[in-house]
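If you read the protein sequences in the order shown, they are chains A and B.
Mapping of the first sequence onto our numbering: residues 1 to 135, in sequence order.
Mapping of the second sequence onto our numbering: residues 1 to 175, in sequence order.
By construction, these hints were calculated from the structure, which means they are not laboratory data.
Remember, it's a predicted structure, so these values are computed and weren't measured experimentally.
Treat the hints with care, since some could be wrong.
[Said to hold, decoys possible] Result set (DSS-like, lysine-lysine): computed pairs, CA atoms no more than 27 Å apart in a straight line:
1. B/LYS80 / A/LYS93
2. B/LYS174 / B/LYS86
3. A/LYS59 / A/LYS93
4. A/LYS59 / A/LYS133
5. A/LYS12 / B/LYS79
6. B/LYS80 / A/LYS105
7. B/LYS80 / A/LYS12
8. B/LYS67 / B/LYS79
9. B/LYS174 / B/LYS67
10. A/LYS126 / A/LYS12
11. A/LYS93 / B/LYS79
12. A/LYS59 / B/LYS79
13. A/LYS93 / A/LYS12
14. B/LYS71 / B/LYS86
15. A/LYS105 / B/LYS86
16. B/LYS80 / B/LYS67
17. A/LYS126 / A/LYS59
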Amino acid sequence: MASTACFMIVSKNDIPIYEAEVGSVPKKEDAAHQHQFILHAALDIVQDMAWTTSAMFLKAIDRFNDLVVSVYVTAGHTRLMLLHDSRNDDGIKSFFQEVHELYIKTLLNPLYLPGSRITSSHFDTKVRALARKYL
Amino acid sequence: MGREVSESCVESLVAEIVSSYCRGFYADKPELAAPRIEAIGFQVGHQLSERYTMDRPRFTDHLEAIKFICKDFWSELFKKQIDNLKTNHRGTFVLQDNRFRWLAHMSVDPSVETTGSIQDPSAMAENRAAQATGLHLYFPCGIIRGALSNLGIPCAVSADISNLPACSFVVRIKA
Numbered sequence: 001m002a003s004t005a006c007f008m009i010v011s012k013n014d015i016p017i018y019e020a021e022v023g024s025v026p027k028k029e030d031a032a033h034q035h036q037f038i039l040h041a042a043l044d045i046v047q048d049m050a051w052t053t054s055a056m057f058l059k060a061i062d063r064f065n066d067l068v069v070s071v072y073v074t075a076g077h078t079r080l081m082l083l084h085d086s087r088n089d090d091g092i093k094s095f096f097q098e099v100h101e102l103y104i105k106t107l108l109n110p111l112y113l114p115g116s117r118i119t120s121s122h123f124d125t126k127v128r129a130l131a132r133k134y135l
Numbered sequence: 001m002g003r004e005v006s007e008s009c010v011e012s013l014v015a016e017i018v019s020s021y022c023r024g025f026y027a028d029k030p031e032l033a034a035p036r037i038e039a040i041g042f043q044v045g046h047q048l049s050e051r052y053t054m055d056r057p058r059f060t061d062h063l064e065a066i067k068f069i070c071k072d073f074w075s076e077l078f079k080k081q082i083d084n085l086k087t088n089h090r091g092t093f094v095l096q097d098n099r100f101r102w103l104a105h106m107s108v109d110p111s112v113e114t115t116g117s118i119q120d121p122s123a124m125a126e127n128r129a130a131q132a133t134g135l136h137l138y139f140p141c142g143i144i145r146g147a148l149s150n151l152g153i154p155c156a157v158s159a160d161i162s163n164l165p166a167c168s169f170v171v172r173i174k175a
């Protein structure tokens, strides 16, 4: 089941700290740039919507052709954003919750500076495994 | 991710942090020990707040965040909630804990020095107690400041120990 998906974590200072293409479709070079562009453009909308609700999971907040942007906001205002073409809301919510737990474990590392890029390959492997499982 | 730690270990660790920073690492510059301990507390508070807000909905305003600190956060750390919360509705909150767990087992030697001072002996004893325990409160102040700043509320936290074992934490939100 081929699906496109691009996942990004943005810190509360609006700096992207993690990016990954997690879809099962082999990516084309210009598609990757386009996915990044769409996600960055959706940040303004996330900003507005985040203040209207106290839930963490904001469902589909933006559309581009047939791609949908879903966002999960943590209490520390870190945004986990996913660009996808599937409609599997529950799977996406579980994916976000598991990545949130992974992110907290990264934060608990005393050598990790909050707000800096996540460069751990272990984190990367786990996120991709979760994406294969839930998306 | 939720495992437990022995409480006596935590108390001993906190007491030893204060002791080794004040007498060991910064023995010749004692005024640097306090900000260093507070910075350690800041990072711990930052991480703890991220962990404890995982399963609950986000906060809509400052008061909600302070109430979270008073209830859920405090009960995770100290197995009790804050006993009294006061605010002046202009950015200052006073969190009062009537029996602060980390200070509950601390005592100060009550023997009074005979230096012929004209100060009232009970005031002197209180002064010494306040000085000794004041250092131990930098860490909890840092924890509160770290937790609040992670929730988006930059603030300054100070502790007031006029009557032990009760202590108050004064949170001033930077406008």
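Would the hint linking B/LYS71 and B/LYS86 be met if the CA-CA limit is 27 Å? Since the Cα atoms of B/LYS71 and B/LYS86 sit roughly 14 Å apart, the hinted pair holds (cutoff 27 Å).
Check whether the Cα positions of B/LYS174 and B/LYS86 lie no farther apart than 27 Å. holds (17 Å)
Need the status of pair A/LYS59, B/LYS79: alpha-carbon distance at most 27 Å? violated (36 Å)
Is the Cα-Cα distance between A/LYS126 and A/LYS12 27 Å or less? holds (23 Å)
Taken at face value, is the distance from the CA of A/LYS12 to the CA of B/LYS80 at most 27 Å? Violated, at about 31 Å.
Restraint status (C-alpha distance of B/LYS80 to A/LYS93 at most 27 Å): violated (33 Å)
Within a Cα-Cα threshold of 27 Å, do A/LYS105 and B/LYS86 meet the stated pairing? violated (34 Å)
Restraint status (C-alpha distance of A/LYS93 to A/LYS12 at most 27 Å): OK: A/LYS93 and A/LYS12 at ~20 Å, within 27 Å.
Mind checking the alpha carbons of B/LYS67 and B/LYS79 for me, to see if they're no more than 27 Å apart? holds (16 Å)
Verify the proposed pairing of A/LYS93 with B/LYS79, using a straight-line Cα cut of 27 Å. Between A/LYS93 and B/LYS79 the Cα gap is close to 31 Å, so the pair fails against 27 Å, i.e. violated.
Has the given pair, A/LYS126 with A/LYS59, been kept, meaning a C-alpha gap of at most 27 Å? holds (23 Å)
Would you check the hint for B/LYS80 and B/LYS67, treating anything up to 27 Å between C-alpha atoms as holding? holds (13 Å)
Hints 1, 5, 7, 11, 12, 15 from the list above are not met by this structure, while the remaining hints are.
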